[in-house]
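Asks: In order, the protein sequence lines correspond to chains X and F. Numbering follows UniProt numbering, with no gaps: position 24 of the first sequence is 24. Numbering follows UniProt numbering, with no gaps: position 68 of the second sequence is 68.
FYI, nobody ran anything at the bench for these hints, they're computed from the structure. What you were told as hints is all true, and nothing was included just to trick you.
Below 25 Å or equal to it, Euclidean Cα-Cα: the simulated DMTMM-like pairs (lysine to aspartate or glutamate) are:
(1) F:59 / X:40
(2) F:49 / X:34
(3) F:59 / F:72
(4) F:59 / F:123
(5) X:49 / X:26
(6) F:59 / F:34
(7) X:59 / F:34
(8) X:59 / F:40
(9) X:59 / X:34
(10) F:49 / F:16
(11) F:59 / F:16
(12) X:59 / X:18
(13) F:59 / X:34
(14) X:49 / F:34
(15) F:49 / F:60
Chain by chain, the residues run as shown.
2 protein chains.
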Amino acid sequence: MSAGQPPARRGRPGYDQETVLRRAVELFNRQGYDATSIGDLARELGLSKSAIYHHVDSKEQLLSAALDEALDALTSAVDAALDRSSGATADARLQQVVQRSVRILVEHRPAVTLLLRVHGNSEVEVAALRRRRRLDERLAGLVAEAAAEGAVRSDVAPELISRLLFGLVNSLVEWYRPEGPVDVDTLARSIAVLAFDGLRVPPSG
Amino acid sequence: MSAGQPPARRGRPGYDQETVLRRAVELFNRQGYDATSIGDLARELGLSKSAIYHHVDSKEQLLSAALDEALDALTSAVDAALDRSSGATADARLQQVVQRSVRILVEHRPAVTLLLRVHGNSEVEVAALRRRRRLDERLAGLVAEAAAEGAVRSDVAPELISRLLFGLVNSLVEWYRPEGPVDVDTLARSIAVLAFDGLRVPPSG
Chain X
1 MSAGQPPARR
11 GRPGYDQETV
21 LRRAVELFNR
31 QGYDATSIGD
41 LARELGLSKS
51 AIYHHVDSKE
61 QLLSAALDEA
71 LDALTSAVDA
81 ALDRSSGATA
91 DARLQQVVQR
101 SVRILVEHRP
111 AVTLLLRVHG
121 NSEVEVAALR
131 RRRRLDERLA
141 GLVAEAAAEG
151 AVRSDVAPEL
161 ISRLLFGLVN
171 SLVEWYRPEG
181 PVDVDTLARS
191 IAVLAFDGLR
201 VPPSG
Chain F
1 MSAGQPPARR
11 GRPGYDQETV
21 LRRAVELFNR
31 QGYDATSIGD
41 LARELGLSKS
51 AIYHHVDSKE
61 QLLSAALDEA
71 LDALTSAVDA
81 ALDRSSGATA
91 DARLQQVVQR
101 SVRILVEHRP
111 AVTLLLRVHG
121 NSEVEVAALR
131 RRRRLDERLA
141 GLVAEAAAEG
151 AVRSDVAPEL
161 ISRLLFGLVN
171 SLVEWYRPEG
181 PVDVDTLARS
191 IAVLAFDGLR
201 VPPSG
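Please work from the sequences and hints to get the whole structure.
Replies: Rendered as structure tokens:
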């Protein structure tokens with residue numbers, strides 16, 4: 001194989017690695033990561049255990065790949081939100097990252113669901129929790145910046161606002177389905193409106 | 001034993017039934033209900049499996065008791081919110097049920113956490129999901145009533161407002177700890193302020 005050529009893909013007819021990962025994450029979310037064995041995954045896919053090991057080295061490798069998928073997407077959204085080079089206010093960037101996070105949650109729902117359920121029961125999980133905590137801290141910093149600008153209320157602590165705001169966003173994974181009555185654009189807009197303006201009728205209305 | 005006297009409590013020195021339930025729920029939340037066996041619970045409590053069966057009939061009995069604890073508390077809050085006999089507006093009753101739900105989540109956090117993770121993998125779970133769905137529908141009805149009063153915005157569907165509002169409240173179980181820097185009164189008040197008025201600085205400020 002010459003340099004620059006992509007490495008040969010591991011996989012078998014019928015299942016590529018991405019499909020195995022996707023089905024594994026669905027299974028983890030359905031019956032819990034700790035309760036799921038490689039044997040369960042093999043049964044789910046109609047493969048033998050040794051055929052599964054042709055695709056993946058371990059259950060933890062699948063967990064790690066899924067957590068990275070979720071964390072990489074969220075990190076790129078937070079990186080963009082903390083980039084001041086566009087000259088946008090912290091308030092505008094906060095609104096953007098809320099809407100962008102909603103879209104990421106919808107697009108990567110299985111991986112994000114898994115991330116949100118991680119307890120820190122292994123090194124992979126502890127590392128993921130550490131990355132997640134760092135994102136939370138950076139978002140709290142952005143809320144503080146918007147409060148310092150005078151755009152966001154300062155009678156509630158920025159850390160608490162940030163927790164509640166992204167708790168609201170995260171809660172979507174539990175019920176939102178894009179094939180349901182609410183499309184993702186309506187969802188993202190509604191969340192931004194409710195979070196920033198509240199559910200009261202505006203004073204002018 | 002004469003009629004009217006309480007039945008003798010099942011239990012052994014060191015553990016009463018309530019303690020067994022509390023420790024079981026902690027264990028279910030930590031490692032997942034499906035991944036936890038009665039043997040795991042026995043080890044956790046330092047008892048033999050037969051000693052555990054002295055306290056409880058099955059793992060599912062523990063799950064059922066915990067789900068009932070959470071659902072009974074939430075049902076009483078929703079019953080009160082839908083009671084119009086006090087003459088309070090739907091808007092005022094909605095604010096009350098939000099704050100009351102926050103307190104219930106903090107007070108019954110382990111049981112509510114378990115409830116929020118139920119997937120419907122057994123009859124007990126399906127019954128709990130049914131009760132939970134009924135509560136969601138009644139709360140959506142209250143939001144619709146507040147919107148009809150003109151107190152709550154009508155440019156976002158009442159069902160969506162209700163989902164997001166109680167998604168926000170439910171997300172607390174993932175991070176809030178009463179021994180942390182935010183006391184429960186501040187938490188309940190902050191959530192009501194943010195949900196109803198939004199995180200923007202009020203126009204007068």
